[in-house]
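*Asks:* Line order of the protein sequences matches chains A and B.
Heads up: the first sequence runs through residues 627 to 1069, numbered per our numbering.
Heads up: the second sequence runs through residues 2 to 268, numbered per our numbering.
Please note that the accuracy of each hint is not assured.
Calculated lysine-lysine pairs in the DSSO-like style (CA-CA distance at most 27 angstroms, straight line) [claimed, not checked]: (1) Lys199(B) - Lys137(B); (2) Lys202(B) - Lys31(B); (3) Lys202(B) - Lys150(B); (4) Lys150(B) - Lys199(B); (5) Lys961(A) - Lys255(B); (6) Lys961(A) - Lys119(B).
Hints in this document: simulated from the structure, not taken from any laboratory.
Predicted model only: the values in this text are computed from it and were never measured.
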Amino acid sequence: MAEPSTTLSPASSDSSSGAPAGRRAGIGDALRALELDTRMVGMIGALAIVWIGFDILTGGAFLTPRNLWNLSVQTASVAVMATGMVLVIVTRNIDLSVGSILGFTGMVVGVLQARILPEIWGFDNPLTWVVAVAAAVAVGGAVGAAQGAVIAYLGVSSFIVTLGGLLVWRGAAWWVTTGQTVAPMDGLFKRLGGGFEGAIGAGPSWMVGLAAVLLSVATILVTRRRRAGFGFPVRPRWAEGVVILLVAAAIVGAVLVVNSYPLPAPVVRRMMEAQGLSTDGGLPFVAHGFAIPVLIAVAVGVGMTFLSRRTRFGRYVFAIGGNPEAAELSGINTKRVMVMVFGLMGALCGLSACIATARLNAATNANGTLDELYVIAAAIIGGTSMAGGVGTILGAMLGAMVMQSLQSGMVLLGVDAPMQNIVVGLVLVAAVYVDTLYRRGLK
Amino acid sequence: MTALATAASHAATAPLVEMRDVSIAFGGIKAVDGVSIDLYPGEVVGLLGHNGAGKSTLIKILSGAYAADHGEIRVNGEPVHIASPRDAKRCGIETIYQTLALADNVDAAANIFLGREKLTAWGTLDDHAMEAEARKVMGRLNPHFRRFKEPVKALSGGQRQSVAIARAIHFDARVLIMDEPTAALGPAETQQVGELVKQLKQEGIGIFLISHDIHDVFDLADRIHVMKNGKLVGTARVSDVTKDEVLGMIILGKCPPGAVPGPGAAA
């Protein structure tokens, strides 16, 4: 690092030359040309090891369409909140209140759709779920922004404010109905939680998959053209092709998995009878397709990645995390950004509250208990640095997936709940240790 | 004599920046106490003093990091209100901080444009356009620089300095504040900064050079202001005083005959 200014880095000179793969000295150069994020590759590798390991230990019960589909649904709620937690931790803060905000907003939407809205326009109004989701996001956002304002403008540390919030909002959740559970939820709202009514089926899943592939390819190509237009180094053509193939394969693979998980026979029979079809000649294969909560989580992930990478707000969040003083001296209104970060976190808790409440088909004041720890763990396992300034949305979502995979795998193995907690706790510490080693290796 | 010529032109034009009777206190301690300084276009003014003399604090008032308790700031003769770094930048006052004030975790272009990002037609960050301009301005300062994709914490001290300077000069600064610009640099890089100062001066930019290295200041500055214990000891043209006399001003607060004494001058 003594004289880096005088030498061209190999990556930039290689990738600008665009030489064919055969010319390359070795596999190391080839990997560098792909410009893959080594940390992300490591995460995916870890997830693969966990999955394959459990599949062997459970005698092939883990890597089944059914288990993977359930895994994706179980991950959705924590994954949505983890995307917000990344931004909170990147700004050198923490939010311990997310589980309680989820509980509180869950009670609010429960009461709204099961008691208040039916009095206004009756049950099963097609707008009920829309109002409920909007209310959850608004209430969660307001709660988060209020906490953010105390943190930013009154200067109380986020640890304390959100520790208070953890108690306050859990208590508030109880007060909404003085502890009564509210059930059942609105029919359409319930679909947000998954289950066979909350899956979109095989055809639409293919369309979603196709749209995702086209969007990814378009993004990669547009970026490449822009870079080339400015005369910047770009990946060699073969590397770009490999990246596109990997992305497309991942998306098509996901579609194939969810489309090979059939709906249960009684459900199919009921559906056919409802449509007046005869069920005598055996039942057809009807696939689940993507679960709605998973699509919500993916959409949130894409939206949050866009927000963190492509907008001023995202740039400021990372700059504040890297050097708060520098951000302030650059003229950034750091206090307002902090309020927005916590407001966004709260809004995402509201969205997760919808998923969790819909999945349970009931609003209870205990919903989301301990979620703050899973959400923080997901963000940290996903490579978000507690020191601030570093973290990715995709990493946090993968982190949520790793945590849920561990739990789900241990359930399949018949491990007791206390032992599950012990393992998850140890994995969290180990993951951060490995990350520390990785960072040290960089310096 | 050139000094006289400059003085004559000073009489004709209003100072680029004038700080009049500026004071600021922290917890009862007057860090800056009734200081008045000025700067003309194309002039390099050195601000000298020991650690804790108040020079960095004074300059932070001008750059908007601190709000003065008392006093007035004029830019081109017009009184201005500088309450934030954004206000200062609007007045064309750019600062290179001693700490560089870089966000270590983002790349050079993101640092150069921090707070003033270029946006696309859709309101998203136009990273490519920013990188293109960053390449241009960095090419002027540090032609070998190639590491545009790496976070600035991976860069060497000189490269980081270039990024901080690039950020200050890219936005058509009229006034440049350089707080200990060469403190972290080797001899070659120090010389490079010196040449840059001369080049910017020719473009008519006024530069405040804060340093405790008296040799640096004598090489580059036209005039000096010396501070001690938060007060202005005096002001002098570099040609009218010797280095020893200036050292006397810094250490003893003693104003030599070639200098105009300020309120902080020892009796």
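*Asks:* If a hint holds in the structure, say so; if it does not, say that too.
*Replies:* Hint-by-hint comparison with the structure:
1. For the proposed pair Lys199(B) and Lys137(B), the alpha carbon gap of about 20 angstroms is at most 27 angstroms, so the pair holds.
2. Our distance criterion of 27 angstroms between C-alpha atoms is broken by Lys202(B) and Lys31(B), whose separation comes to about 33 angstroms.
3. The hinted pair formed by Lys202(B) and Lys150(B) fails the criterion: a straight-line CA distance of about 31 angstroms is larger than 27 angstroms.
4. At roughly 30 angstroms between alpha-carbon atoms, Lys150(B) and Lys199(B) are farther apart than 27 angstroms, so this suggested pair is violated.
5. For the hint linking Lys961(A) to Lys255(B), the alpha-carbon distance of about 45 angstroms lies beyond 27 angstroms, and the restraint is violated.
6. With a CA separation close to 22 angstroms, the supplied pair Lys961(A) and Lys119(B) stays within the 27 angstroms bound.
Hint check: violations occur at hints 2, 3, 4, 5; the rest are consistent with the structure.
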